[in-house]
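Residue numbers (numbering that gives the first Met the number 0), protein chains in the order written: chain A, 0 to 142; chain B, 0 to 142; chain C, 0 to 142; chain D, 0 to 142.
Source of the hints: derived by calculation from the structure; they are not laboratory data.
Some clues are possibly wrong.
One copy or two, either will do: identical chains are not told apart, so a pair holds if it fits within one copy or between any two.
[What the hints assert, rightly or not] In silico EDC-like pairs for lysine to aspartate or glutamate, Cα to Cα no more than 20 Å straight-line:
no.	residue 1	residue 2
1	K106	E121
2	K106	E1
3	K45	D14
4	K106	D14
5	K128	D5
6	K45	E9
Protein chains: 4
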Amino acid sequence: MEVTIDKELEARIRDSFARQSMMGSIGAELVSLDVGKVSIAAPVSKGFRQQQGFAHGGLIFTIGDSAAGYAALSVLPAGVEVMTVELKINLLAPAAGRLVAEGRVLKPGKRLVVVAADVWAEDGKGARKQVAALQGTMIPVNP
Amino acid sequence: MEVTIDKELEARIRDSFARQSMMGSIGAELVSLDVGKVSIAAPVSKGFRQQQGFAHGGLIFTIGDSAAGYAALSVLPAGVEVMTVELKINLLAPAAGRLVAEGRVLKPGKRLVVVAADVWAEDGKGARKQVAALQGTMIPVNP
Amino acid sequence: MEVTIDKELEARIRDSFARQSMMGSIGAELVSLDVGKVSIAAPVSKGFRQQQGFAHGGLIFTIGDSAAGYAALSVLPAGVEVMTVELKINLLAPAAGRLVAEGRVLKPGKRLVVVAADVWAEDGKGARKQVAALQGTMIPVNP
Amino acid sequence: MEVTIDKELEARIRDSFARQSMMGSIGAELVSLDVGKVSIAAPVSKGFRQQQGFAHGGLIFTIGDSAAGYAALSVLPAGVEVMTVELKINLLAPAAGRLVAEGRVLKPGKRLVVVAADVWAEDGKGARKQVAALQGTMIPVNP
Numbered sequence: 000m001e002v003t004i005d006k007e008l009e010a011r012i013r014d015s016f017a018r019q020s021m022m023g024s025i026g027a028e029l030v031s032l033d034v035g036k037v038s039i040a041a042p043v044s045k046g047f048r049q050q051q052g053f054a055h056g057g058l059i060f061t062i063g064d065s066a067a068g069y070a071a072l073s074v075l076p077a078g079v080e081v082m083t084v085e086l087k088i089n090l091l092a093p094a095a096g097r098l099v100a101e102g103r104v105l106k107p108g109k110r111l112v113v114v115a116a117d118v119w120a121e122d123g124k125g126a127r128k129q130v131a132a133l134q135g136t137m138i139p140v141n142p
Numbered sequence: 000m001e002v003t004i005d006k007e008l009e010a011r012i013r014d015s016f017a018r019q020s021m022m023g024s025i026g027a028e029l030v031s032l033d034v035g036k037v038s039i040a041a042p043v044s045k046g047f048r049q050q051q052g053f054a055h056g057g058l059i060f061t062i063g064d065s066a067a068g069y070a071a072l073s074v075l076p077a078g079v080e081v082m083t084v085e086l087k088i089n090l091l092a093p094a095a096g097r098l099v100a101e102g103r104v105l106k107p108g109k110r111l112v113v114v115a116a117d118v119w120a121e122d123g124k125g126a127r128k129q130v131a132a133l134q135g136t137m138i139p140v141n142p
Numbered sequence: 000m001e002v003t004i005d006k007e008l009e010a011r012i013r014d015s016f017a018r019q020s021m022m023g024s025i026g027a028e029l030v031s032l033d034v035g036k037v038s039i040a041a042p043v044s045k046g047f048r049q050q051q052g053f054a055h056g057g058l059i060f061t062i063g064d065s066a067a068g069y070a071a072l073s074v075l076p077a078g079v080e081v082m083t084v085e086l087k088i089n090l091l092a093p094a095a096g097r098l099v100a101e102g103r104v105l106k107p108g109k110r111l112v113v114v115a116a117d118v119w120a121e122d123g124k125g126a127r128k129q130v131a132a133l134q135g136t137m138i139p140v141n142p
Numbered sequence: 000m001e002v003t004i005d006k007e008l009e010a011r012i013r014d015s016f017a018r019q020s021m022m023g024s025i026g027a028e029l030v031s032l033d034v035g036k037v038s039i040a041a042p043v044s045k046g047f048r049q050q051q052g053f054a055h056g057g058l059i060f061t062i063g064d065s066a067a068g069y070a071a072l073s074v075l076p077a078g079v080e081v082m083t084v085e086l087k088i089n090l091l092a093p094a095a096g097r098l099v100a101e102g103r104v105l106k107p108g109k110r111l112v113v114v115a116a117d118v119w120a121e122d123g124k125g126a127r128k129q130v131a132a133l134q135g136t137m138i139p140v141n142p
């Protein structure tokens, strides 16, 4: 795992991630942690599919949301948490295999952090395609 | 459960819902089926929460997405399925208890169906508050 | 014009509207002012069209944005102004004639106000159809 | 002006742009034309401002929408036009001076084209900052 942020920030993100029970339920893991940029991966497990057997949009949204949220957290001061104000997803292609969401900060701010996330599907043979693009707004909150 | 649509359409929606494994995993159930209007409910189970113990945004999105998608399906001819083109969610309040998503069609169409969904949280004592508003676009596809 | 808000709030909205030069340029006028609900109308003038002669999406967005913004202002304390954080528009049909945007508050708040707006096109013979649905977020700012 | 597309496509885009009367009213001009990437610029003229004297969100949306739309048109076959299905804008900072919108295609397709646009404000001294990010969906239509 690639980590370019300091230990304290890494610990905060890992701690928050561990408390997000939904991350555990979908089998998600942190993949990389940079300032303003966080990646999360999760398999398209049998239990999280739509009617045609591809990843449910809700699963794709979930890891995009968390990746974008932690990207926002990485540019905020210690002691705050982050909540999603709003988030918009465009689904680009049916997704199977393994999902990787790359969240990034478009605009940091004290009151709000504007974020984006791209979600990719990897087929296990090294091929990957983008399956979703998200854009939204995160807000710092006191826990 | 309140159903005002014909048996054939009801069967198609129930069949599709049963094939969406994510609906089963989150414990979701169909609550009402009308032409252009479908409701789905799900508990905020322990496994689908964010870091503060409230419903993960991904869970709220998931039932809003499916409710809106079946609302779209209910105004389309037999033989097609529906996929989400894009969907935007505004989260209005932290959610606990039981979620109810009410999907509805804003504008039917052959090529695209514009949809919305409101998601409510019920606390078990009869009180409910709106926790999210979604707006988006569904597309009919041949299975 | 229908006004159900107090004189002081009405004066603040009228003053802000008059300072929005874009409202004048597109020929917009305030149509109704209620707490949490503001309507604005504007003609689809020759200078604000797309390539097929219908209203440009930017014109429809503009009056939807302002109607939603003043709806937000109407639930905020005196002394603040409102800025658009983000806004999403679904265009439902080509628009000609006269546009009427009905902005409303979905969720008031001190830090953010979640809003929506419906935009209608009227053909001059009494017929009207919805041409757009908007959903977004406004933020109070000190001028 | 930078143009990397063929003459026929350039002519189609220029013709459509000329027919969008809103482009003329706001003083917009095409800045660059590439396959899947189109830039449009416009001044923040006196007539298109919000209550604080900055560019109205509707102006920023307008050039973002057109830039994204022509980016979509540039990847579609001859003989079609493009309409906006939906578009979401996050406003990142107040905008003055000159606006430049860079539209791009995220995902081409026969039925739909997913697009994005970044809008920048230039202050006349060479400094520029991003003032908006847009993400949305375009649809090909027969004229």
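Each hint tested on the structure:
Taking the shortest Cα distances, K106 and E121 sit within 20 Å of each other only across copies (17 Å), while inside one copy they are farther apart (28 Å). For a Cα distance limit of 20 Å, the shortest separation of K106 from E1 qualifies neither inside one copy, at 23 Å, nor across copies, at 29 Å. In this assembly of identical chains, K45 and D14 lie within 20 Å of each other by CA distance solely across copies; the values are 17 Å between and 27 Å within a copy. In this assembly of identical chains, the alpha carbons of K106 and D14 never lie at most 20 Å apart, being 24 Å within a copy and 31 Å across copies at closest.
In the homo-oligomer, the alpha carbons of K128 and D5 never lie at most 20 Å apart, since the shortest distance is 31 Å inside one protomer and 28 Å across protomers. For the identical chains of this complex, K45 and E9 are neighbours neither inside a copy (31 Å) nor across copies (25 Å), given an alpha-carbon limit of 20 Å.
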